[in-house]
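Chemist: So you can see what is in the structure, the chains are spelled out below.
Number of protein chains: 2
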Amino acid sequence: MVDILHKVGVKAAPEAVYEALTARQGLAGWWTNDTQGDGDVVEGVVKFRFDAGGFDMVVLDLVPGKRVLWQVVDGPEEWIGTQISWDLERDGDYTEVLFKHVGWQEPVDFMHHCSTKWAVYLMSLKQLVETGRGAPSPHDVKIDSWD
Amino acid sequence: MVDILHKVGVKAAPEAVYEALTARQGLAGWWTNDTQGDGDVVEGVVKFRFDAGGFDMVVLDLVPGKRVLWQVVDGPEEWIGTQISWDLERDGDYTEVLFKHVGWQEPVDFMHHCSTKWAVYLMSLKQLVETGRGAPSPHDVKIDSWD
Numbered sequence: 114m115v116d117i118l119h120k121v122g123v124k125a126a127p128e129a130v131y132e133a134l135t136a137r138q139g140l141a142g143w144w145t146n147d148t149q150g151d152g153d154v155v156e157g158v159v160k161f162r163f164d165a166g167g168f169d170m171v172v173l174d175l176v177p178g179k180r181v182l183w184q185v186v187d188g189p190e191e192w193i194g195t196q197i198s199w200d201l202e203r204d205g206d207y208t209e210v211l212f213k214h215v216g217w218q219e220p221v222d223f224m225h226h227c228s229t230k231w232a233v234y235l236m237s238l239k240q241l242v243e244t245g246r247g248a249p250s251p252h253d254v255k256i257d258s259w260d
Numbered sequence: 114m115v116d117i118l119h120k121v122g123v124k125a126a127p128e129a130v131y132e133a134l135t136a137r138q139g140l141a142g143w144w145t146n147d148t149q150g151d152g153d154v155v156e157g158v159v160k161f162r163f164d165a166g167g168f169d170m171v172v173l174d175l176v177p178g179k180r181v182l183w184q185v186v187d188g189p190e191e192w193i194g195t196q197i198s199w200d201l202e203r204d205g206d207y208t209e210v211l212f213k214h215v216g217w218q219e220p221v222d223f224m225h226h227c228s229t230k231w232a233v234y235l236m237s238l239k240q241l242v243e244t245g246r247g248a249p250s251p252h253d254v255k256i257d258s259w260d
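Residue numbers (our numbering), protein chains in the order written: chain D, 114 to 260; chain W, 114 to 260.
Because the hints were derived from the structure by calculation, they are not lab data.
Where is the CB? At the ideal position from N, CA and C, for every residue including glycine.
Worth double-checking, as some hints may not be accurate.
Stated by the list, open to error - Distance condition first, Cα-Cα at most 20 Å in a straight line; then the derived SDA-like pairs of lysine to any residue: (1) Lys124/D <-> Glu156/W; (2) Lys179/D <-> Gly167/D; (3) Lys255/W <-> Glu243/D; (4) Lys160/W <-> Lys124/W; (5) Lys124/D <-> Asp222/W; (6) Lys124/D <-> Arg180/D; (7) Lys124/D <-> Glu128/W; (8) Lys124/D <-> Trp259/W; (9) Lys255/D <-> Lys160/W; (10) Lys213/W <-> Asp116/D; (11) Lys160/W <-> Ala141/W; (12) Lys124/W <-> Asp222/D; (13) Lys179/D <-> Lys213/D.
What the hints assert, rightly or not - Label pairs and their in silico Cβ distance ranges: (14) Glu128/D <-> Asp222/W: 18 to 24 Å; (15) Asp151/W <-> Gly194/D: 32 to 38 Å; (16) Glu219/D <-> Lys160/W: 32 to 38 Å; (17) Val155/D <-> Glu190/W: 37 to 43 Å.
Stated by the list, open to error - Part of the chain W face toward chain D, derived, beta carbon under 10 Å: (18) Leu175; (19) Lys179; (20) Leu182; (21) Gln184; (22) Val186; (23) Asp204; (24) Cys227; (25) Val233; (26) Met236; (27) Lys239; (28) Pro251; (29) His252.
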């Protein structure tokens, strides 16, 4: 079993990053404009939609300014049941964001694609919090023929 | 043991991507300007240098237009002995690049950082081949306090 792991540093307070990971407007500002639901309460469901489909996440854990944990409950077969965690830690002027997307059954080509695309969206999150403007779908950076 | 996996699609022929992964000028155009050595022969050694240090790779396998395999022989302790493979496959107008960096002993924070940074450099590779201009070190996109 393999995991997708990433790390970015955002020049902002942990609370600002946490807001971008839990508020509907925050999530819509870096991942996809078409975001609905409740990311700011445990057991809340958030629906993220893209041109090619989408994901429904249930919020499993929230520690303000420190941690967000989602489980995928609907979406592509390879994603269902996987978990996505965000751990935030202040490091000087930065908030270091440790990202994990775990529970993949096989390291299929789609997983390779998602790994790279997550990095692109993490850079969008960083830009949103630092500058007020991210690059969420449908304005996201395209990486391959799958989008 | 966990691996770093990525995928990008480059709108170009496999031969053009292969050139960017094997010719000194190609490698210097997307990863780091300070690239020395022989990436175009099996058993060749390539020395990649950055502000904060660098990596020496030995070329283990080359299949023109299809595959490149490196092993890290010098650099940060976590990298030594790890292998980096590039598999190229034509898909319509694209060359799909499957990237793997395998052999990490532990999923340390540095591995999270390297995963995201590889994605950034893969986008630089894509830009170089598609437009003639990548973003190699020291002009690379910065992702966190580690660079």
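Chemist: Next step is simple, just say for each hint if it's right about the structure.
Modeler: Going through the hints against the structure:
1. For the given pair, Lys124/D sits about 42 Å from Glu156/W by alpha-carbon distance, which is inconsistent with the 20 Å threshold.
2. About 26 Å separates the Cα atoms of Lys179/D and Gly167/D, which puts this hinted pair outside 20 Å; it is violated.
3. Our distance criterion of 20 Å between C-alpha atoms is met by Lys255/W and Glu243/D, whose separation comes to about 13 Å.
4. Pair hint Lys160/W plus Lys124/W does not hold up; C-alpha atoms about 28 Å apart against a cutoff of 20 Å.
5. Distance restraint check for Lys124/D and Asp222/W: the Cα-Cα separation of roughly 18 Å lies within the 20 Å cut-off, and the hinted pair is therefore satisfied.
6. Restraint check: the Cα-Cα separation between Lys124/D and Arg180/D comes to about 17 Å, which is no more than 20 Å; the hinted pair holds.
7. Straight-line distance between C-alpha atoms of Lys124/D and Glu128/W comes to about 40 Å, which puts the hinted pair past the 20 Å bound.
8. Of the pairs offered as hints, the one joining Lys124/D and Trp259/W holds, with about 13 Å between alpha carbons and a cut-off of 20 Å not exceeded.
9. Proximity of Lys255/D to Lys160/W is assessed by CA-CA distance (about 31 Å); at most 20 Å being required, the pair is judged violated.
10. With a CA separation close to 13 Å, the supplied pair Lys213/W and Asp116/D stays within the 20 Å bound.
11. Under the criterion of a C-alpha separation no larger than 20 Å, the hint pairing Lys160/W with Ala141/W is consistent with the structure, at around 11 Å.
12. As the CA atoms of Lys124/W and Asp222/D are separated by approximately 18 Å, the hinted pair is consistent with the 20 Å bound.
13. Among the hinted pairs, Lys179/D with Lys213/D is consistent with the structure: their alpha-carbon atoms are about 14 Å apart, no more than 20 Å.
14. At roughly 21 Å, the beta-carbon separation of Glu128/D and Asp222/W lies within the given 18 to 24 Å, and the hint holds.
15. Under the hint 32 to 38 Å, the C-beta atoms of Asp151/W and Gly194/D, about 46 Å apart, miss the expected range.
16. As the Cβ distance of Glu219/D to Lys160/W is approximately 35 Å, the hint placing it in 32 to 38 Å holds.
17. Look at Val155/D against Glu190/W: about 40 Å separates their beta carbons, and that is inside 37 to 43 Å.
18. Checking Leu175/W against chain D by beta carbon gives a least distance of about 21 Å; that is not within 10 Å, so the hint is violated.
19. Evaluation of the Lys179/W hint against chain D yields a violated restraint, the C-beta minimum of about 16 Å exceeding 10 Å.
20. With a least beta-carbon distance of about 16 Å to chain D, the hint placing Leu182/W at the interface is violated under the 10 Å criterion.
21. Residue-level restraint check for Gln184/W is violated (minimum Cβ-Cβ distance to chain D is 20 Å; threshold 10 Å).
22. Among the interface hints, the one on Val186/W is violated; its C-beta lies about 24 Å from the nearest C-beta in chain D, farther than the 10 Å criterion.
23. The interface hint given for Asp204/W is met, as the beta carbon of that residue sits about 6 Å from the closest beta carbon of chain D, less than 10 Å.
24. For Cys227/W, the interface hint holds, the least distance from its beta-carbon to any beta-carbon of chain D being 9 Å, beneath 10 Å.
25. The interface hint given for Val233/W is met, as the beta carbon of that residue sits about 7 Å from the closest beta carbon of chain D, less than 10 Å.
26. With a least beta-carbon distance of about 7 Å to chain D, the hint placing Met236/W at the interface is held under the 10 Å criterion.
27. Taking 10 Å as the C-beta cut-off, the interface hint given for Lys239/W holds, the closest approach to chain D being about 7 Å.
28. Below 10 Å, beta-carbon pairs count as interface contacts, and Pro251/W has none with chain D, the closest being about 18 Å; its hint is therefore violated.
29. Evaluation of the His252/W hint against chain D yields a violated restraint, the C-beta minimum of about 16 Å exceeding 10 Å.
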